[in-house]
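Peer 1: Sequence:
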Amino acid sequence: MRIRRADERDLVSVAQIASVAWRTTYRDLLDVDTIERWLAAAYSPSALQQRWHDHPIFLVEIDGRPVAFADVYVEGKKIVVAAMCTHPEYRRHGAATSLLEKVRSLAPSLPVTVDLILGNQSGEAFAENLGFSPGETIEVHLYGEPFLERRWWMESALMRSS
1 MRIRRADERD
11 LVSVAQIASV
21 AWRTTYRDLL
31 DVDTIERWLA
41 AAYSPSALQQ
51 RWHDHPIFLV
61 EIDGRPVAFA
71 DVYVEGKKIV
81 VAAMCTHPEY
91 RRHGAATSLL
101 EKVRSLAPSL
111 PVTVDLILGN
121 QSGEAFAENL
131 GFSPGETIEV
141 HLYGEPFLER
151 RWWMESALMR
161 SS
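Each residue of the sequence shown is one higher than the one before, counting from 1 in our numbering.
Source of the hints: derived by calculation from the structure; they are not laboratory data.
Among these hints, one or two may not hold up.
So the derived label-pair ranges between C-beta atoms look like this [to be verified]:
id	residue 1	residue 2	range
1	7	135	15 to 23 Å
2	8	134	33 to 41 Å
3	149	36	17 to 25 Å
4	109	151	15 to 23 Å
5	1	141	34 to 42 Å
6	143	46	17 to 25 Å
7	65	141	33 to 41 Å
8	109	20	28 to 36 Å
9	106	151	17 to 25 Å
10	36	106	19 to 27 Å
11	136	7	20 to 28 Å
12	9	82	14 to 22 Å
13	63	138	21 to 29 Å
14	131	1	16 to 24 Å
By construction, the Cβ of each residue, glycine as well, lies at the ideal position given by its N, Cα and C atoms.
Please construct the entire structure, taking both the sequences and the accompanying hints into account.
Peer 2: Below, the structure is given as structure tokens:
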């Protein structure tokens, strides 16, 4: 397994991983139209390129194949995981756990947050197993579809080690 910062050539792979992961993870939680519209907007070449220029996107490769990514940035006094997706065929191989370790290394003194759609049981279990604590609930509207997200918090690596 190799983790590295994505380069511009990797953005097509990032979009492919996101598409498969979103369709698999959210098919029972969001309307298909909402998922497809979100993917078309958030993972279009121009949107991805803008995010890639603005902040790091990290990529996990297994046997040379891109299988997971994390899109992260620092906001105020926290690290925000804007997106973390793993190709369904490679879940439970340690890719997301390794990505989280990489994310935390960016600013060990800061807590990490990730917002998960309520009902994403595998995501919530994963977050809890890694030491995230459930926080506030946020009402979100995506292309007219309302849903709730929970913000999960992980205290800073420095706080956890003391």
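Peer 1: Hint by hint, note whether the structure agrees.
Peer 2: Here is how each hint holds up against the structure:
1. At about 33 Å, the CB distance of residue 7 to residue 135 disagrees with the hint of 15 to 23 Å.
2. At about 36 Å, the beta-carbon gap between residue 8 and residue 134 stays in the expected band of 33 to 41 Å.
3. Look at residue 149 against residue 36: about 19 Å separates their beta carbons, and that is inside 17 to 25 Å.
4. At about 20 Å, the CB distance of residue 109 to residue 151 agrees with the hint of 15 to 23 Å.
5. A hinted range of 34 to 42 Å holds for the C-beta pair residue 1 and residue 141, which are about 37 Å apart.
6. Checking the proposed 17 to 25 Å range against residue 143 and residue 46 shows it holds: the Cβ atoms sit about 18 Å from each other.
7. Distance hint for residue 65 and residue 141: a CB-CB separation of about 36 Å, consistent with the stated range 33 to 41 Å.
8. Restraint check, residue 109 to residue 20: a C-beta distance of roughly 35 Å satisfies the suggested window 28 to 36 Å.
9. The hinted range of 17 to 25 Å is satisfied by residue 106 and residue 151, whose Cβ atoms lie roughly 19 Å apart.
10. A C-beta distance of roughly 32 Å is found between residue 36 and residue 106, which places it outside the suggested range of 19 to 27 Å.
11. In this structure, residue 136 and residue 7 break the distance hint of 20 to 28 Å, their C-beta atoms being roughly 35 Å apart.
12. Between residue 9 and residue 82 the Cβ separation comes to about 21 Å, which falls inside the hinted range of 14 to 22 Å.
13. A C-beta distance of roughly 38 Å is found between residue 63 and residue 138, which places it outside the suggested range of 21 to 29 Å.
14. Residue 131 and residue 1 have their C-beta atoms about 21 Å apart, which keeps the hinted 16 to 24 Å range intact.
Violation of the numbered hints given earlier is confined to hints 1, 10, 11, 13; the remaining hints are satisfied by the structure.
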